[in-house]
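Residue numbers (this note's numbering), protein chains in the order written: chain A, 1 to 244; chain B, 1 to 212.
Check before you lean on any hint, since a few could be wrong.
[What the hints assert, rightly or not] Residues from chain A shown here face chain B by an in silico Cβ test under 7 Å; the list is partial:
1) Glu27
2) Gly93
3) Glu94
4) Phe105
5) Asp170
6) Gln207
7) Asn209
8) Val211
9) Tyr221
10) Asn231
[To be verified] What follows is a set of in silico ranges between Cβ atoms, one per label pair, in the way DEER data are often shown:
11) A:Trp139 <-> B:Ala95: 25 to 31 Å
12) A:Phe116 <-> B:Ala170: 50 to 56 Å
13) A:Pro83 <-> B:Thr56: 31 to 37 Å
14) A:Gly69 <-> B:Val169: 25 to 31 Å
Just so you know, the hints here were simulated from the structure itself, not pulled from any lab data.
No experiment lies behind these values; they were computed from the predicted model shown.
Every residue gets a Cβ at the ideal spot worked out from N, C-alpha and C, and that includes glycine.
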Amino acid sequence: MRGLRALILVVCALAVSACAYGPPTREALAARDPYEQMNRDTLKFNAKIDKYFVIPTVGLYFVLVPETGRKGVHNFLGNLSLPIIFVNDMLQGEVTRGAQSAGRFVINSSLGLGGFLDPATKMGIPGHGEDMGQTFAVWGAKEGPYLVLPFFGPSNPRDAAGLALDWTIDPTNFIHMKQHVWWAAGRGYFTLLDLRSQTWETVQGIQRNSVDYYASLRSFYRQYRGEQIRNGRAGEKPPELPDF
Amino acid sequence: MLSTPLMRRAVLALAMAFAVPLMAAQPAAAANVAETFVDQNLQKGLAILNNKSLSTAQRREQFQSFLLALVDTRRIALFTLGQYRRTAPPADVEAFTVAFKDYATAAYQSYFARYSGQTVKVIGSQQRSPTDYIVATQLVDPGKSQAPLEVDFRIRTDGGSPVLVDVSVAGIWLSLEQRDQFVSFLGQNNGNVRTLIAHLSDLSANLSKPAN
Numbered sequence: 001m002r003g004l005r006a007l008i009l010v011v012c013a014l015a016v017s018a019c020a021y022g023p024p025t026r027e028a029l030a031a032r033d034p035y036e037q038m039n040r041d042t043l044k045f046n047a048k049i050d051k052y053f054v055i056p057t058v059g060l061y062f063v064l065v066p067e068t069g070r071k072g073v074h075n076f077l078g079n080l081s082l083p084i085i086f087v088n089d090m091l092q093g094e095v096t097r098g099a100q101s102a103g104r105f106v107i108n109s110s111l112g113l114g115g116f117l118d119p120a121t122k123m124g125i126p127g128h129g130e131d132m133g134q135t136f137a138v139w140g141a142k143e144g145p146y147l148v149l150p151f152f153g154p155s156n157p158r159d160a161a162g163l164a165l166d167w168t169i170d171p172t173n174f175i176h177m178k179q180h181v182w183w184a185a186g187r188g189y190f191t192l193l194d195l196r197s198q199t200w201e202t203v204q205g206i207q208r209n210s211v212d213y214y215a216s217l218r219s220f221y222r223q224y225r226g227e228q229i230r231n232g233r234a235g236e237k238p239p240e241l242p243d244f
Numbered sequence: 001m002l003s004t005p006l007m008r009r010a011v012l013a014l015a016m017a018f019a020v021p022l023m024a025a026q027p028a029a030a031a032n033v034a035e036t037f038v039d040q041n042l043q044k045g046l047a048i049l050n051n052k053s054l055s056t057a058q059r060r061e062q063f064q065s066f067l068l069a070l071v072d073t074r075r076i077a078l079f080t081l082g083q084y085r086r087t088a089p090p091a092d093v094e095a096f097t098v099a100f101k102d103y104a105t106a107a108y109q110s111y112f113a114r115y116s117g118q119t120v121k122v123i124g125s126q127q128r129s130p131t132d133y134i135v136a137t138q139l140v141d142p143g144k145s146q147a148p149l150e151v152d153f154r155i156r157t158d159g160g161s162p163v164l165v166d167v168s169v170a171g172i173w174l175s176l177e178q179r180d181q182f183v184s185f186l187g188q189n190n191g192n193v194r195t196l197i198a199h200l201s202d203l204s205a206n207l208s209k210p211a212n
């Protein structure tokens, strides 16, 4: 329920903020981004958070934790997400991929020392991602207007709703522990560190090569999500591309 | 027993059922012209990037000439202008294609340099139309145990010889991304292509500098 409450709060905050901006421009509407000005401001806010809070600790993380340790953290966090991935695999009717997720969880939680190691990949069960936003897309939900969420970054109403629902069904939320808030905060923080350290070079590259970083990020996000929803090349159908 | 006209219709329907998916997603013949083009040029490109006997400047120069010979930068430039291609003065559009060429070669070079030391393998292709191919490749980093990176190349052959018009990394097409940002930039600058040219020239100069 915490996830749903967070979603309602975010939606209300965005709705109130959107009222403070004028009507969308023709270009913004054409780009399916009617809240562009608000999104650009949110991106600036996120960039400040990144600059003053995330980047300094990512630097420390690189210095203090060797690559093997960072890989272990990445594996552990990925293992924690496997129950959510499994649920979404099954909701999308992807039984084989669901079995892979379940198998990975069992193998990596036991032989992989709680998920820090990834023997499942070595056994020929590679990992993959799924989330509720993708499930909604498979069910036919449209992405809706582009949104930049505070702290979370690029999104859209479908993916934001999916994010909140994934949070709600996360089994670790049902484990009773005295200091659950610290567990949740620690996990969130390490997820951010891991994500930022994994995408460090890519983000630097986009910033360095961009004429308009905001529009570039928007395009990357939409294309990347499209690819995730298609599960890579699983469809083997020529992608729909504009003619040159 | 089915009557003959009904049988004929059933056979026709069955034939269509098989033919339609084939028409929609026609797999290209093995080692077609596009696959050969990509395979040969990727090996050439990686050979330049991996050539330790060249100085950084020599490597950059060789890689730039190599890229310009196989990428149709004018075609990509016109595509990335989106709707502004029709409304901008023709002289500005021409100037933009020149500025874009410099930007694209600098950006592609900075991008591909990250993949030096890796091995590449063509794994297949799809034919979108008789002159439009997507060639799928995998980049493998021998030093890392990560899954191979999927890189697709869009090749057009309508001008006679094959040319590269777009590259997709993990499903993200670069020309689409460039069009999205240029159109957005122009939307914020009253559609002034000259402002975009100035911006691109600055970016090209920055990209051409050594990264560290």
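inquiry  = Less than 7 Å between beta-carbons is the criterion; does Tyr221 of chain A satisfy it with respect to chain B?
reply    = violated, 9 Å
task = Answer holds if the nearest beta-carbon of chain B is closer than 7 Å to that of Glu94 of chain A; otherwise answer violated.
result = violated, 18 Å
Gly69 of chain A versus Val169 of chain B beta-carbon gap, inside 25 to 31 Å or not = holds, 28 Å
request  = Could you see if the CB distance from Trp139 of chain A to Ala95 of chain B stays within 25 to 31 Å?
outcome  = violated, 48 Å
ask   = Per the CB criterion, is Asn209 of chain A less than 7 Å away from chain B?
value = holds, 5 Å
query = Holds or violated: is the Cβ of Glu27 of chain A closer than 7 Å to a Cβ in chain B?
reply = holds, 3 Å
query = Does Val211 of chain A pass the interface hint, meaning its C-beta sits closer than 7 Å to a C-beta of chain B?
reply = holds, 5 Å
request  = Grab the minimum C-beta distance from Phe105 of chain A to chain B and call the hint holds if it beats 7 Å, violated otherwise.
outcome  = Violated - the Cβ of Phe105 of chain A stays beyond 7 Å from chain B, reaching only about 19 Å at its closest.
request  = Take the C-beta atom of Pro83 of chain A and the C-beta atom of Thr56 of chain B, compute their distance, and say whether it sits inside 31 to 37 Å.
outcome  = violated, 49 Å
query = Is the interface hint for Asp170 of chain A satisfied, with its Cβ closer than 7 Å to some Cβ of chain B?
reply = violated, 25 Å
query = Holds or violated: is the Cβ of Asn231 of chain A closer than 7 Å to a Cβ in chain B?
reply = Violated, because the Cβ-Cβ distance from Asn231 of chain A to chain B comes to roughly 10 Å (cut-off 7 Å).
ask   = Given Gly93 of chain A as an interface hint, is the shortest Cβ-Cβ distance to chain B below 7 Å?
value = violated, 20 Å
When each numbered hint is compared with the structure, violations occur for hints 2, 3, 4, 5, 6, 9, 10, 11, 12, 13.
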